[in-house]
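Spelled out from the first residue to the last, the chains are:
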Amino acid sequence: MSTLKTTRRVALGLVAAAATSLSAPVYAGGHGIDLAGKTVEWIIPFSETGGSAKWANFYAPLLSEALPGQPTVVVKFMPGAGSTKGANFFQEQTYEDGTTIFGSSGSTQFPFLLGDPRVKYNYADWNVVLASGTGGVAYLPPDLAAKMDGLNAAPLQGEDFIYGNQGATRLDLVPTLAWEMLGLNVESVMGIKGRGDGRLMFERGEANIDYQTSSSYLSGVTPLVEAGTAVPMMTWGALDDDGNIVRDPTFPDIPTFKEVCEATDGCETSGEKWDAWKAFFIAGFPAQKMVFLPNGASNDAIATYTEAFEAVKARADFAEISEKRLGKYPQMTGAAAQTALESGTSVSPAAKDFVVNWLQEKYGVSLN
Amino acid sequence: MDILMEALPALGDAWGLILQPVVIGYLVLGVVMGLCIGVFPGLGGIAGLSLLLPFMFGMDPILGLALMVGMVAVVPTSDTFASVLMGIPGSSASQATVLDGFPMAKRGQAARALSAAFASSLFGGLVGASFLTIFILVARPIVLEFRTPELLMITIFGLSMVGILAGRVAIKGIVAAGLGMLVGTIGEGASSGDLRMSSYDFPYLTDGLKLVIVGLGIFAIPEIISLLRKDRAISAEPQLGGGWLDGVKDWFANIWLSVRCSIIGVVVGVIPGLGGSVVDWIAYGHSVQTTKDKSNFGSGEVRGVIGPESSNNAKEGGGLVPTLLFGIPGSGSMAIFIGAIALLGSGQIEVGPAMLKNNLDITYSIVWLLALANVVGTVICIAASGGIAKLTTIRFALLAPFLFMIISFAAFQSGQNLMDLVALLLIGFLGIMMRRFDWSRPAFLIGFVLSNPAETYANQALQIASSRFRKGFGEGLEYIFTPIVIVLLIITVVSVVVGLRQAKNILAEGDVKSGSKRAPFVFLLVITGYIAYAFYDAASIPSFSRDRTFPMFVSGVCLVGCAILFVRMRLKPETDTIFADRELSGDDSEATHGLWPTLAWFAALLLLTSLMGFILALAVFLFAFMKLRAGVSTVFAAVYTVAGIAFMCGMAGLLNRDFPPGLLQEYVDLPWPLT
Numbered sequence: 001m002s003t004l005k006t007t008r009r010v011a012l013g014l015v016a017a018a019a020t021s022l023s024a025p026v027y028a029g030g031h032g033i034d035l036a037g038k039t040v041e042w043i044i045p046f047s048e049t050g051g052s053a054k055w056a057n058f059y060a061p062l063l064s065e066a067l068p069g070q071p072t073v074v075v076k077f078m079p080g081a082g083s084t085k086g087a088n089f090f091q092e093q094t095y096e097d098g099t100t101i102f103g104s105s106g107s108t109q110f111p112f113l114l115g116d117p118r119v120k121y122n123y124a125d126w127n128v129v130l131a132s133g134t135g136g137v138a139y140l141p142p143d144l145a146a147k148m149d150g151l152n153a154a155p156l157q158g159e160d161f162i163y164g165n166q167g168a169t170r171l172d173l174v175p176t177l178a179w180e181m182l183g184l185n186v187e188s189v190m191g192i193k194g195r196g197d198g199r200l201m202f203e204r205g206e207a208n209i210d211y212q213t214s215s216s217y218l219s220g221v222t223p224l225v226e227a228g229t230a231v232p233m234m235t236w237g238a239l240d241d242d243g244n245i246v247r248d249p250t251f252p253d254i255p256t257f258k259e260v261c262e263a264t265d266g267c268e269t270s271g272e273k274w275d276a277w278k279a280f281f282i283a284g285f286p287a288q289k290m291v292f293l294p295n296g297a298s299n300d301a302i303a304t305y306t307e308a309f310e311a312v313k314a315r316a317d318f319a320e321i322s323e324k325r326l327g328k329y330p331q332m333t334g335a336a337a338q339t340a341l342e343s344g345t346s347v348s349p350a351a352k353d354f355v356v357n358w359l360q361e362k363y364g365v366s367l368n
Numbered sequence: 001m002d003i004l005m006e007a008l009p010a011l012g013d014a015w016g017l018i019l020q021p022v023v024i025g026y027l028v029l030g031v032v033m034g035l036c037i038g039v040f041p042g043l044g045g046i047a048g049l050s051l052l053l054p055f056m057f058g059m060d061p062i063l064g065l066a067l068m069v070g071m072v073a074v075v076p077t078s079d080t081f082a083s084v085l086m087g088i089p090g091s092s093a094s095q096a097t098v099l100d101g102f103p104m105a106k107r108g109q110a111a112r113a114l115s116a117a118f119a120s121s122l123f124g125g126l127v128g129a130s131f132l133t134i135f136i137l138v139a140r141p142i143v144l145e146f147r148t149p150e151l152l153m154i155t156i157f158g159l160s161m162v163g164i165l166a167g168r169v170a171i172k173g174i175v176a177a178g179l180g181m182l183v184g185t186i187g188e189g190a191s192s193g194d195l196r197m198s199s200y201d202f203p204y205l206t207d208g209l210k211l212v213i214v215g216l217g218i219f220a221i222p223e224i225i226s227l228l229r230k231d232r233a234i235s236a237e238p239q240l241g242g243g244w245l246d247g248v249k250d251w252f253a254n255i256w257l258s259v260r261c262s263i264i265g266v267v268v269g270v271i272p273g274l275g276g277s278v279v280d281w282i283a284y285g286h287s288v289q290t291t292k293d294k295s296n297f298g299s300g301e302v303r304g305v306i307g308p309e310s311s312n313n314a315k316e317g318g319g320l321v322p323t324l325l326f327g328i329p330g331s332g333s334m335a336i337f338i339g340a341i342a343l344l345g346s347g348q349i350e351v352g353p354a355m356l357k358n359n360l361d362i363t364y365s366i367v368w369l370l371a372l373a374n375v376v377g378t379v380i381c382i383a384a385s386g387g388i389a390k391l392t393t394i395r396f397a398l399l400a401p402f403l404f405m406i407i408s409f410a411a412f413q414s415g416q417n418l419m420d421l422v423a424l425l426l427i428g429f430l431g432i433m434m435r436r437f438d439w440s441r442p443a444f445l446i447g448f449v450l451s452n453p454a455e456t457y458a459n460q461a462l463q464i465a466s467s468r469f470r471k472g473f474g475e476g477l478e479y480i481f482t483p484i485v486i487v488l489l490i491i492t493v494v495s496v497v498v499g500l501r502q503a504k505n506i507l508a509e510g511d512v513k514s515g516s517k518r519a520p521f522v523f524l525l526v527i528t529g530y531i532a533y534a535f536y537d538a539a540s541i542p543s544f545s546r547d548r549t550f551p552m553f554v555s556g557v558c559l560v561g562c563a564i565l566f567v568r569m570r571l572k573p574e575t576d577t578i579f580a581d582r583e584l585s586g587d588d589s590e591a592t593h594g595l596w597p598t599l600a601w602f603a604a605l606l607l608l609t610s611l612m613g614f615i616l617a618l619a620v621f622l623f624a625f626m627k628l629r630a631g632v633s634t635v636f637a638a639v640y641t642v643a644g645i646a647f648m649c650g651m652a653g654l655l656n657r658d659f660p661p662g663l664l665q666e667y668v669d670l671p672w673p674l675t
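Quick mapping for you: the protein sequence lines, in order, are chains W and L. End of the first sequence sits at 368 in the working numbering; the numbers just go up one at a time, nothing left out. End of the second sequence sits at 675 in the working numbering; the numbers just go up one at a time, nothing left out.
For the record, the hints were derived by calculation from the structure and aren't laboratory data. Hints may contain errors.
Claimed, not checked - BS3-like cross-link-like pairs, simulated, lysine-lysine; straight-line CA separation at most 25 Å: (1) W:147 x W:324; (2) L:627 x L:230; (3) L:517 x W:147; (4) W:193 x W:76; (5) L:249 x L:294; (6) W:313 x W:76; (7) W:85 x L:572; (8) W:76 x L:390; (9) W:193 x L:210; (10) L:517 x L:572; (11) L:390 x L:230; (12) L:517 x W:362; (13) L:210 x W:324; (14) W:120 x L:210; (15) W:324 x W:120.
What the hints assert, rightly or not - The calculated label-pair distances, taken between Cβ atoms and stated as ranges, are: (16) W:348 x L:484: 42 to 52 Å; (17) W:299 x L:642: 56 to 66 Å; (18) W:339 x L:532: 54 to 64 Å.
A quick note: this is a predicted structure, and the numbers were derived from the prediction, not measured. For glycine and all other residues, C-beta sits at the position ideal for the given N, C-alpha and C.
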């Protein structure tokens, strides 16, 4: 991967011209980089179907407009091994001229946090320029939802639940752990390829509990709720400035898991189980998706991208278009993104040990 | 009646949107772009749509849709060129077309096969769109009736087509399909992520092998090598017989077959989760079963082209149902399509459950744009087919390096790893050996394609069913034995029984003479060795994991099959069909060039690529091949090389793709495209 790997798109069809553009100036002026005529490759370590694709497709054209020189921003999908493949690839990239960026997700963070043997990447090497939060909503079929006693989920404890699970160590561990804490008997059916498949399984009546991240809930489940075939159960909540879990701003009318847990006998909002759940919730949702520049990126490049994302956020229509596509969540840049990165990529050893043991006992997944 | 009152105005609105000159213009533009990309095997709608994505933001929705739909719609049409002319399955949509289309091309009837295929595609597309116009209104509850047991049953039905394609020794066909399934299980299991036949120390295999690589390896490489060894043109006849009009007449004579296969295509396409992988096999099986004289299948029966091609365009229409109504893409290109729709306009079109209610006019526009794009694409393709068919009269040594270039590039795009090329060569070698010893390659491919759904659905259905059974015996039975499942079960059993009885007449690979005992025996030994190891490997996965069950079951069945084959080899004389060996008589034994020197050329390209990167290696390869093997003049070889490289770079540049780097690139920074 040489310097010209990235400048080559200048040439597009005109291959012969590529060689002459070797010495294209990388820095324009003392602050910021100029990307005129270049193509920014945004690596997404997932397939084209998931939430990360939605998120990147939303930002890519906006970013293109906001970056100096209006480069073309293309999203390059590199799925494999639950996103560790693409992340390992990005780890090997060294900074050249700021035309390679990476979008990570909760599913990239979790294997990193859990010490998965496939992880060869280290978040500490990368440079965060944007952190996007999101939330999640659990929902039930109407007959089961009707059995809940207000916020108290105890009447559901005798039911047999089936949940379409993407993988024990994925983001799905946040909902499955939450349901277990509520005393629900949820059997995970493995092998679905995306949360969309989980929703379909719910719609077919095979699964009778499910969750979606906010943007997928808005587009996929809200119509079901309107049609009366699904009822929201709880959100995972959102974090306030002091780190407390509060109602999700996108779904202010739906109670949080914390509220449901408090109202349900046997569910504790303190202790190691709760701490572990909260730690993984924080790692997985409020800082779920982040944009990085590779190892060794210059301060100019970081500043340029940070400014570009700030410019995107400052668009007059941003609130309107982002609410529809991403939900009402903080889109953090600069110091806020850095804080989000830290909270998203570190959990206490106690929380990690708890989850590692829990995965071993519940699913037989060995991470050691 | 209510539905209709709602639908008719929307349908009118949709036509109003479509029938504007500028919309038609964008559609034609999309179709032409799709054709240019789609004729190259392995580069289908995904590559094309990714190219369009950056332009979609804020575009007028109907124009953007016209452009994208135009491009997606023609891919199953345009990849027919590669299937018929070169024997290369361009995408999963045209696997079955290869079986009879390519033999027709070899007999000098390429134009006839192509135009029959295109006429069927066009018709299938139109039938699909008409069917959808009504069906889409009532599709939601019907689609939701297809639960996991039904999906499993359709997968098994697809697998039962192995019965027809098994070849003369049925057990060989079954073992071949089992081997395909085992190759399909390589990598991380879907259930708990346990590894089968791979390790994290060697990450390439953990993701499993891609269809592009297996399809190209199993079908394309053996055919290319075989043709190259004979050193003549693809068509055995110097004069091309059968113009495009004949093909259209063939289609018209079989119009009812075309109707039935179109319906099969649209119905199977509607079911989310299966997509296109089974459709063309089911259509092929249906074509065989409904033909009285089955003796020509596999050696150029035009019905074997009409069936699959009628179904695969209809399937694209059917595939819109899960995509638009459920927001669940049936294929990779549909996935990008969903992403792109969200970019159009200000994002007011959101696919998913609300699509019909809020955007029925847009939904209808998409359905009919698809049909219209089919018409435009087919007309262009039929017009071009006579000329392009002339390719089959060119001396093959001049085409082969170009094909090697294209398939290497296509294979590399699937994983962007040099190992893609190694895997292609290895699978290609397996394909060559299977062809030589008359093991059914279609059966292998069916097994591979359906391995994943078969395993996933079997595990899920079992798990959900056991949960239902715990609630009550009746509830469990009700879950498994729905009317749909029972009907599919009956069809499957009938098709297996009938298929196996007829399989002896259908020589998908042509007649192969038998010869000595040793070579077929050694090949069987190697196959058995792999299967036995796969069994051992799966058995060593901890027993609480569901990832071990499927490979253990399949390899267990295969081992029994292998044992029967060994016994039969022991008992029968060497003239028995079980000892079929192509190297002993027929075309291959009389070939001008040996197998190993020919394969060595391809291996050399791979080796050079690993040393100095793809483009430099390609330059050396093209020039040396032209000069030494094809024996052309230095000037011609040089021009050929430059043209080949320029073409490759132009295409990769346009599609924004990289080439495999080699050892040299580790040490030296070279400008693109040499990286």
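Task: Restraint status (C-alpha distance of residue 324 of chain W to residue 120 of chain W at most 25 Å) - done: Not satisfied, since the Cα-Cα distance of roughly 36 Å exceeds 25 Å.
Task: 25 Å limit on alpha-carbon distance, applied to hinted pair residue 210 of chain L and residue 324 of chain W - done: 36 Å, violated
Open item on the list: Holds or violated: residue 76 of chain W and residue 390 of chain L, Cα atoms, limit 25 Å.
Closed with: Roughly 38 Å between the alpha carbons, so the hint for residue 76 of chain W and residue 390 of chain L is violated.
- [ ] Take the C-alpha atoms of residue 147 of chain W and residue 324 of chain W, compute the straight-line distance between them, and say whether it is at most 25 Å.
- [x] 32 Å, violated
TODO: Compare the distance between the alpha carbons of residue 249 of chain L and residue 294 of chain L with 25 Å, and conclude whether the hinted pair is satisfied.
DONE: 20 Å, holds
Task: Satisfaction of hint between residue 230 of chain L and residue 390 of chain L, Cα-Cα up to 25 Å - done: 19 Å, holds
- [ ] State, for the Cβ atoms of residue 348 of chain W and residue 484 of chain L, whether the hinted interval 42 to 52 Å holds or is violated.
- [x] 51 Å, holds
Task: residue 299 of chain W versus residue 642 of chain L beta-carbon gap, inside 56 to 66 Å or not - done: Violated, at about 45 Å.
Task: Distance restraint between residue 517 of chain L and residue 147 of chain W, which requires alpha-carbon spacing of 25 Å or less - done: 71 Å, violated
Task: Holds or violated: residue 313 of chain W to residue 76 of chain W, with C-alpha atoms at most 25 Å apart - done: Between residue 313 of chain W and residue 76 of chain W the Cα gap is close to 23 Å, so the pair holds against 25 Å.
TODO: Would you check the hint for residue 517 of chain L and residue 572 of chain L, treating anything up to 25 Å between C-alpha atoms as holding?
DONE: 10 Å, holds
Task: Agreement of residue 627 of chain L and residue 230 of chain L with the hint, judged by alpha carbon distance not exceeding 25 Å - done: OK: residue 627 of chain L and residue 230 of chain L at ~18 Å, within 25 Å.
Hint compliance for this structure: hints 1, 3, 7, 8, 12, 13, 15 and 17 are not met, and every other hint is.
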